[in-house]
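Which chain is which? The protein sequence lines are L and D, in order. Read left to right, the first sequence gives residues 1 to 170 (my numbering). Read left to right, the second sequence gives residues 1 to 164 (my numbering).
No wet-lab data here; the hints were simulated from the structure. Check the hints yourself; a few may be wrong.
Below, a list of computed lysine-lysine pairs in the DSSO-like style, where the Cα atoms sit at most 30 Å apart [unchecked claim]:
1) L:Lys145 to D:Lys125
2) D:Lys149 to D:Lys125
3) D:Lys153 to D:Lys125
4) D:Lys125 to D:Lys155
5) L:Lys145 to D:Lys80
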Amino acid sequence: MSAPAELARAVEQLGATVPAPFEHPFAGAVEVRWIAPGRLPDACRAARDAGYFFESLTCVDRLAGQGAFELIYTFNRFESSASSRVAWRVWSPAGESVPTVSTVYGAADWNEREVWELYGVRFAGHPNLTWLLLPEGTEWRPLLKSFTAPPASIYDDSQSVVPDDQPAHS
Amino acid sequence: MDRLAEEASPWVRLAMVDDVLNLARANSLWPLTFGLACCAIEMMAAGASRYDLDRFGVGLFRPSPRQADLMILAGTISRKMAPVIRTLWDQMPGPKWAIAMGGCTISGGPFRYPGEYAIAEGAEKFMPIDVHVPGCPPRPEALIAGILKLQDKIKRGRRLERAG
Numbered sequence: 001m002s003a004p005a006e007l008a009r010a011v012e013q014l015g016a017t018v019p020a021p022f023e024h025p026f027a028g029a030v031e032v033r034w035i036a037p038g039r040l041p042d043a044c045r046a047a048r049d050a051g052y053f054f055e056s057l058t059c060v061d062r063l064a065g066q067g068a069f070e071l072i073y074t075f076n077r078f079e080s081s082a083s084s085r086v087a088w089r090v091w092s093p094a095g096e097s098v099p100t101v102s103t104v105y106g107a108a109d110w111n112e113r114e115v116w117e118l119y120g121v122r123f124a125g126h127p128n129l130t131w132l133l134l135p136e137g138t139e140w141r142p143l144l145k146s147f148t149a150p151p152a153s154i155y156d157d158s159q160s161v162v163p164d165d166q167p168a169h170s
Numbered sequence: 001m002d003r004l005a006e007e008a009s010p011w012v013r014l015a016m017v018d019d020v021l022n023l024a025r026a027n028s029l030w031p032l033t034f035g036l037a038c039c040a041i042e043m044m045a046a047g048a049s050r051y052d053l054d055r056f057g058v059g060l061f062r063p064s065p066r067q068a069d070l071m072i073l074a075g076t077i078s079r080k081m082a083p084v085i086r087t088l089w090d091q092m093p094g095p096k097w098a099i100a101m102g103g104c105t106i107s108g109g110p111f112r113y114p115g116e117y118a119i120a121e122g123a124e125k126f127m128p129i130d131v132h133v134p135g136c137p138p139r140p141e142a143l144i145a146g147i148l149k150l151q152d153k154i155k156r157g158r159r160l161e162r163a164g
């Protein structure tokens, strides 16, 4: 049995399920499993123990405006040259937080900050859930399907910071 | 005195001290070591041996804003970076000048579109700019042209009011 298949079998012990054919197939991974949010740290630990590194975390706003998100965690390993990427899909219902996996994979720390600031998904137990790419204090979530444009104030030239200085020198 | 200057002008140049100072300033610019995005690669190329900014007295990139009098804004400015750049600019002692290199620092460039949320739409939103060098990115020759234009401006002792 190949390594990805072994890992997939291991996480099925944690209640992972295979996505149905109609559930937006995720291409690019040889094994894809749905993971319940509560079992996510365990599933990530299983991947780590099987020699996988954390590749990426991405988020999809499937139900525009409903506040529910799909998170996709991908893992890969150096040992085999054949395709070996596995993906854990997690459904985060509206208003609920997802446990952080930064305690398992340190590399997930910034990925979770990015998903939080761009989508608003809360990661429970994250050590430092603050803005990474956007200015501190940004309140809107630009990657939501419902997002059209930032508030007008940040485009307001009258608020722009700087007056022309005096001539280069006198 | 005016008449004397007029009569002597073909042979004697009665320069104001400022003119001399400006000549010195223009030919000894100290840029800040400072790259923001891909334009910085062209800026580094301009500083290296092939294009050799040292020929124009601009080659000594300083690592501290306290020692620099020219800021070459080379690359995309994110909204998060804008206040940092403004701080660096404020830390530079005057007289000082700024060159906006590339479309992003001039107007936001390719990142300017409705709903754009992360990029500052031009450096002039938050600091004064002396010379704009368009391009995406501008070639080193274009940056050199911009620097020559800036030197021209400094020698004249005022901001350029028109091109040429």
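Taking the hints in turn, this is what the structure says about them:
Using a Cα cut-off of 30 Å, the hinted pair Lys145 (chain L) and Lys125 (chain D) holds, with the two alpha carbons roughly 29 Å apart. Under the criterion of a C-alpha separation no larger than 30 Å, the hint pairing Lys149 (chain D) with Lys125 (chain D) is consistent with the structure, at around 22 Å. Taken as a hint, the Lys153 (chain D) and Lys125 (chain D) pair is honoured in the structure, with Cα atoms around 22 Å apart against an allowance of 30 Å. The straight-line distance between the Cα atoms of Lys125 (chain D) and Lys155 (chain D) is roughly 27 Å, inside the 30 Å bound, and the hint therefore holds.
A C-alpha spacing of about 23 Å is found between Lys145 (chain L) and Lys80 (chain D), which places the hinted pair at or below 30 Å, so the restraint holds.
Consistency with the previously given hints is maintained throughout, with no hint failing.
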